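A.B. asks: Based on these hints, arrange chain B on the given structure of chain A.
Residue strings, one per chain:
Protein chains: 2
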Amino acid sequence: MNCAMLDRLREIVGAHGYYDRQEDLEPFLIDHRGLYRGATPLVLRPDDTAQVRAIMRLCNEHGIGVVPVGGNTGYCGAATPSADGSQIVLSMSRMRRIRSLDPQNGILIAEAGCVLADVQAAAASVDRLFPLSLGSEGSCQLGGNLSTNAGGTAVLRYGMMRDLVLGLEVVLPDGRLLEELAPLRKNNTGYDLRDLFIGAEGTLGVITAATCKLYARPAGHFTALVAVADPQAAVELLSKLRSTSGDAVSTFELMPRIALELVCRHIPPLTDPFAQAYPWYVLLEIGIHWRDPEVRAAIDTELLAVLDAAAPLDTVVAANETQREIFWRIRESIPAAQRREGVSIKHDISVPTSELPRFITEASERITRIAPEGRIVAYGHLGDGNLHFNVSGPGGNADDDLLRHAADIQRSVHDLIAAYAGSFSAEHGIGQLKRDELLRYKNPVAVELMRSLKRTLDPGRIMNPGKILQDC
Amino acid sequence: MNCAMLDRLREIVGAHGYYDRQEDLEPFLIDHRGLYRGATPLVLRPDDTAQVRAIMRLCNEHGIGVVPVGGNTGYCGAATPSADGSQIVLSMSRMRRIRSLDPQNGILIAEAGCVLADVQAAAASVDRLFPLSLGSEGSCQLGGNLSTNAGGTAVLRYGMMRDLVLGLEVVLPDGRLLEELAPLRKNNTGYDLRDLFIGAEGTLGVITAATCKLYARPAGHFTALVAVADPQAAVELLSKLRSTSGDAVSTFELMPRIALELVCRHIPPLTDPFAQAYPWYVLLEIGIHWRDPEVRAAIDTELLAVLDAAAPLDTVVAANETQREIFWRIRESIPAAQRREGVSIKHDISVPTSELPRFITEASERITRIAPEGRIVAYGHLGDGNLHFNVSGPGGNADDDLLRHAADIQRSVHDLIAAYAGSFSAEHGIGQLKRDELLRYKNPVAVELMRSLKRTLDPGRIMNPGKILQDC
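Protein sequence lines, in the order shown, are assigned to chains A and B.
Just so we're aligned: the first sequence equals residues 1152 to 1623 in the numbering used here.
Just so we're aligned: the second sequence equals residues 1152 to 1623 in the numbering used here.
No lab work stands behind these hints: they were computed from the structure.
Hints may be right or wrong, so weigh each one.
Claimed, not checked - Which residues of chain A face chain B? A partial, calculated answer using Cβ under 8 angstroms:
#1 Gln1173
#2 Val1306
#3 Asp1314
#4 Gly1318
#5 Gly1326
#6 Ala1333
#7 Lys1337
#8 Asn1339
#9 Tyr1366
#10 Ile1450
#11 Pro1486
#12 Ser1501
#13 Leu1590
#14 Lys1593
#15 Asn1594
Said to hold, decoys possible - Below, simulated DMTMM-like cross-link-like pairs (lysine to aspartate or glutamate); rule was C-alpha separation at most 25 angstroms, straight line:
#16 A:Lys1391 with A:Asp1381
#17 B:Lys1391 with A:Glu1445
#18 A:Lys1391 with B:Glu1412
As the list claims (entries may be wrong) - Label-pair restraints from in silico Cβ distances:
#19 B:Asp1423 with A:Ser1290: 53 to 61 angstroms
#20 B:Asn1471 with A:Asp1451: 26 to 34 angstroms
#21 A:Ser1251 with B:Glu1445: 36 to 44 angstroms
#22 B:Pro1420 with A:Pro1254: 38 to 46 angstroms
#23 A:Pro1430 with B:Thr1452: 39 to 47 angstroms
#24 B:Arg1606 with A:Ala1570: 58 to 66 angstroms
#25 A:Asp1622 with B:Glu1516: 57 to 65 angstroms
#26 A:Gly1611 with B:Leu1252: 21 to 29 angstroms
#27 B:Arg1208 with A:Arg1602: 46 to 54 angstroms
Because the structure is a prediction, the values reported are computed rather than measured.
Ideal placement from N, C-alpha and C gives every residue a C-beta, glycine not left out.
Okay, chain A solo, but in the shape it has when bound (with noise of 0.2 angstroms):
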C-alpha cells in the first residue's frame, strides 16, 4: 500500500475517521487472548454506511485486504489483520446509532458498532428484552455478534445471535449494498441471503446494521443454584424443568466444584453460597412474565415440586434481586478466575446434550492420560449441548508441562468431539484459530462449498484475507 492510497482512504473518512498513529494502532494489532499479533498501517473508523461503500469500492479496485473489528473481544483471532502490514482494519465503533425502536412490533434497527449492552438497554428503555446475553457484552458489538453468530446463557430459550434477527444492511466486497433492514417476520421472496453473512467472520461482506427481535421482559426470575452428583442429574433435571415450563428455561449452566473454587479464591468477594462442597452445580433460570402474584407463587410451588423430585444434592433459590446477581456473578467470573490461576487450554465443544455426562468422562479420561497434572475445568452450556471444555495448568513453573502438552490434548479431545460428531466450534467461531481444525474435521463436502461461496461473493479475496479459509 503506497502513500497515496492511505491518503486517499483517509480522505474518504475525514480528520475523525482514522488511526494511523502506533499508540493508536496498538489495541487493534492484538487479539482478545493475545494469541495473535498483526500489523497495518491504518484503522479506518466509518461514520455511516456510505463510507463503508466507499472504502470497499477502492479496497476491491486495488486488491487491498479489509479486516473488520467490533469490539476485539473474540476467542480466534478473526478481527486481527495479518503480520505482514498489508490490510487495513475497519473499525465499525463509531457506527453506533440506533435508527429505530419499536416496542409495539418488537423490532430494534441498530448499526453494527453498538456495543451489546447499549442495545440490550434501548430495549430495556421500552419495557423490552433483546435477550443476547455473554460475558463481554460490555464492550462486544452486535457487528462482532452477528459475524460470529454470538451464543450466551440464554441461547436455550431464545436462540443464537441468528436466531435474533430480522434483516441486515451488508455492504458487499465490490462496495454493493444489500439493504434488507425491512422488519418483517415472514418473507419467502427467494434465497436466504442473511445468514450467509451471519456467522461469517468478516470473509464476505462488511455487516452495517441490523434489524433485531425484541421480546417480552420478564417480570420476575425464578432462579436457583443446585447441586448435584454429577453431569448425568444435570441433564435429566433440564429434561424435567424444560417438560413442566414449556421451554421457558433460559439458562441452564453447569459448573464443577474446581470453577467455584477457582471464583472463590481469585474474585472476591464472591464466596460458596453452599455450607458444605458438592462436585457440580447448575445455575439455573426460567423468565417468568405472569404479573398476577397468584401465578406467580403456583409456578414457584410447582417449580419447587420438580426440583424436589429429582433430588438434587442441595439448591438455593435466589430470594431476591440481590442473590440472583451474585449466582449470575459467579457464573460469569468463571473465565477471568481460570485466568488468574494460570495457563489454560481451552475448547468450546457442543455435542447432543443427553451424551455430554459421557463426553465429559471420556475426554477427562484422555487428558489425565496425556497430562496428568492438567486440572479440568468443564463448565458452560448445558442446556445447548456445549460446554467450555478447559484444562488448566497445575500453576507455577509447572504450568509449562501442560502447555508442552497442548498440541496433544487438543487432538484428543478433538478427535473425541469428532467420534461423537459433535462441533470443536460451538460458539466461538474459527478466526485463525481453527482453520486447520476445520481441514481436519468438517464434511469436505461442506468445505469446498464455503470455498465456493467464498469465491463468488469475494472474488478480490479482499475481505479479511485468511480467516476462516486460509487460502481463499
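C.D. replies: Only chain B this time, still in chain A's reference frame:
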C-alpha cells in the same frame, strides 16, 4: 431425452421406483391450484439417498432438468414440470422413514418424503411437539415444507420451518452429498450452508432428510374466539397478550365477518359461535405447559383480566377440547369455503404487524376503486404481520368481471406492499407464479446475489429450472 437415457434412470430406482404411464404421471402434471400444466416422460420415486445421488449425477452429466416434488400442495407452481416435457420429476414420497426419534434431546431425524402429519404424530408419540402446523398437513411433505420454508398457524411462538431444523442432508446438483444432520444446537464452524437450501424451492439441491427440533407439548390450551371492532383493536390485544404471557401466544389469526359467513354457508355443520354478527374476529391460542391445576386456574384468571381490559365486543373461551377443535375448524375451513363460493384473487402479503390495520384500509380502497364487485376476504396470521389478502368474486357470471381485473388488482396491492417495504410473498414462495413480481419488487442487488449463488451451486442449471429465477 432419448429412450436409452430414460432406461438408465429407471434402472437406478428399480421396478417399483418410477411412473411412466400417462394415468400415473397425471397427478404430477398439474399444480395444487390448477394454475399450471406441465409434461414429463418420467416420475422417479427413489427409495433412498444413494438413488437420489445416482439420479442427480446422471442428470447433471446429461443436462436433464429435475423437478423435486413433495405433496404437491404448493401455491406457486414450484413443483410442476415445464410444458415441453424436457424435465423429469423426482417424487420424494417413498423416502418417508423416521430415522431417529430422541425425546430427551428434543430431536427427530426424518426423510424428506415424510408427511407432515406423520412427523407431528411421531413427536407426539414420545410426548413432544413438532409445532409446524398448516392446512395441508395431512398431505404436504417435510421436504416441501423445507424447500418452501413453510409458515402456518404457530409461527408466532415457534417460527417458520427454517427455525425448526438443526441440520439437513442435501444431494447437490452434481450428486455430491452434503451430510449435516448432526443434532447440534450450536456449531459455529464456517458458513451457514443449511439456510441456503431452506426456502430455495428445490433450485439449489435436493433435500433428502432433516434433523427437526422437538418442543415440550402443552398440557392444555387457552383458546378463544374474540370479536373486535377493527384490526387495530386486534393489534393492541395481541401486544398485551404477548407481554403478559412472555411471547407464549402461539396463534393469533384475524378473520373478517365475511370469512365466517362463507364458512357457515359452505362447510356444514359449522355455525357462528356468537349470538350476533361482529365485523372482525380473532382466533387466539396460548399453550399452557404447567400441570398444576392451581397454576392453570391462576393463569386463566390473569388472561381473562387482560381480555376484559381490552374491552372486545365479545369473547368465547373454549370450554373443552371439542369446542377448541370447532374454533380451529372455522379458521382452517376458510380457504375451502372461498373455493366453494367461487373465484378469488389471492395475495400473501406481510408488513410489520402494527401497520396491518392501515394497510387493510388502503388496500381495500384500492380494490373497491378497481373492482367494486370484489368482496375482500382478508384473513390470516396477524401476529406475523401476514395476511392472505384475498378478493372473492360476487358469484355467478359476474365472477368473470372480477377475473378481468385480476392483473390490475394484483399490481395495485403489490405496489402498495412495496410502499410499505412489505413482502409480496410472505409464506407461499415464488415458484413460477411470482417470478415477475420478484424481478419487479425485490432489491436488485439481492436478485444479483441470488443469480450468482444459483450459478455457483448449479452450474449445469438442472435443479428445478425456471423456478424462482426464470433464466437460471
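A.B. asks: Next, verify each hint and record whether it holds.
C.D. replies: Structure-based check of each hint:
Here the hint on Gln1173 (chain A) is broken, as its CB sits about 33 angstroms from the closest CB of chain B, past 8 angstroms. With a least beta-carbon distance of about 7 angstroms to chain B, the hint placing Val1306 (chain A) at the interface is held under the 8 angstroms criterion. A cut of 8 angstroms between beta carbons decides the hint on Asp1314 (chain A): the least distance to chain B is about 7 angstroms, and the hint holds. Annotation: interface hint on Gly1318 (chain A) violated; nearest CB of chain B at approximately 10 angstroms, more than 8 angstroms.
Look at Gly1326 (chain A): its Cβ only gets to about 11 angstroms from chain B, farther than 8 angstroms, so that hint breaks. Annotation: interface hint on Ala1333 (chain A) holds; nearest CB of chain B at approximately 4 angstroms, less than 8 angstroms. Given hint, Lys1337 (chain A) at the interface with chain B, holds; its Cβ is 4 angstroms from that chain's nearest Cβ, closer than 8 angstroms. Evaluation of the Asn1339 (chain A) hint against chain B yields a held restraint, the C-beta minimum of about 5 angstroms falling below 8 angstroms.
Checking Tyr1366 (chain A) against chain B by beta carbon gives a least distance of about 6 angstroms; that is within 8 angstroms, so the hint holds. At its closest, the beta carbon of Ile1450 (chain A) sits 6 angstroms from a beta carbon of chain B; the interface hint therefore holds under the 8 angstroms criterion. Proximity of Pro1486 (chain A) to chain B is violated relative to the hint, the smallest CB-CB distance being about 17 angstroms (cut-off 8 angstroms). A least Cβ separation of about 5 angstroms between Ser1501 (chain A) and chain B falls short of the 8 angstroms threshold, and the interface hint therefore holds.
Using the Cβ-Cβ criterion of 8 angstroms, the hint placing Leu1590 (chain A) at the interface with chain B is not satisfied: the shortest such distance is roughly 10 angstroms. Taking 8 angstroms as the C-beta contact cut-off toward chain B, the hint placing Lys1593 (chain A) at the interface holds, the least distance being around 6 angstroms. For Asn1594 (chain A), the interface hint holds, since its Cβ comes within 8 angstroms of a Cβ in chain B; the closest pair sits about 6 angstroms apart. Under the criterion of a C-alpha separation no larger than 25 angstroms, the hint pairing Lys1391 (chain A) with Asp1381 (chain A) is consistent with the structure, at around 16 angstroms.
Restraint check for Lys1391 (chain B) and Glu1445 (chain A): the C-alpha separation of about 19 angstroms stays at or below 25 angstroms, so the hint holds. Among the hinted pairs, Lys1391 (chain A) with Glu1412 (chain B) is inconsistent with the structure: their alpha-carbon atoms are about 45 angstroms apart, more than 25 angstroms. Range check, Asp1423 (chain B) to Ser1290 (chain A): about 59 angstroms between beta-carbon atoms, so the 53 to 61 angstroms window is met. A hinted range of 26 to 34 angstroms holds for the C-beta pair Asn1471 (chain B) and Asp1451 (chain A), which are about 29 angstroms apart.
Between Ser1251 (chain A) and Glu1445 (chain B) the CB atoms are about 42 angstroms apart, so this pair conforms to the stated range of 36 to 44 angstroms. Against the hinted window of 38 to 46 angstroms, the Cβ-Cβ separation of Pro1420 (chain B) and Pro1254 (chain A) comes to about 43 angstroms, which satisfies the hint. Taken as a hint, the range 39 to 47 angstroms holds for the pair Pro1430 (chain A) and Thr1452 (chain B), whose Cβ atoms sit roughly 43 angstroms apart. In this structure, Arg1606 (chain B) and Ala1570 (chain A) break the distance hint of 58 to 66 angstroms, their C-beta atoms being roughly 38 angstroms apart.
Taking the beta carbon of each, Asp1622 (chain A) and Glu1516 (chain B) are about 59 angstroms apart, inside 57 to 65 angstroms as hinted. For the pair Gly1611 (chain A) and Leu1252 (chain B), the beta carbons lie near 47 angstroms from each other, so the given range of 21 to 29 angstroms is not met. In this structure, Arg1208 (chain B) and Arg1602 (chain A) break the distance hint of 46 to 54 angstroms, their C-beta atoms being roughly 21 angstroms apart.
Violated hints, listed in ascending order, are 1, 4, 5, 11, 13, 18, 24, 26, 27; each of the other numbered hints is respected by the structure.
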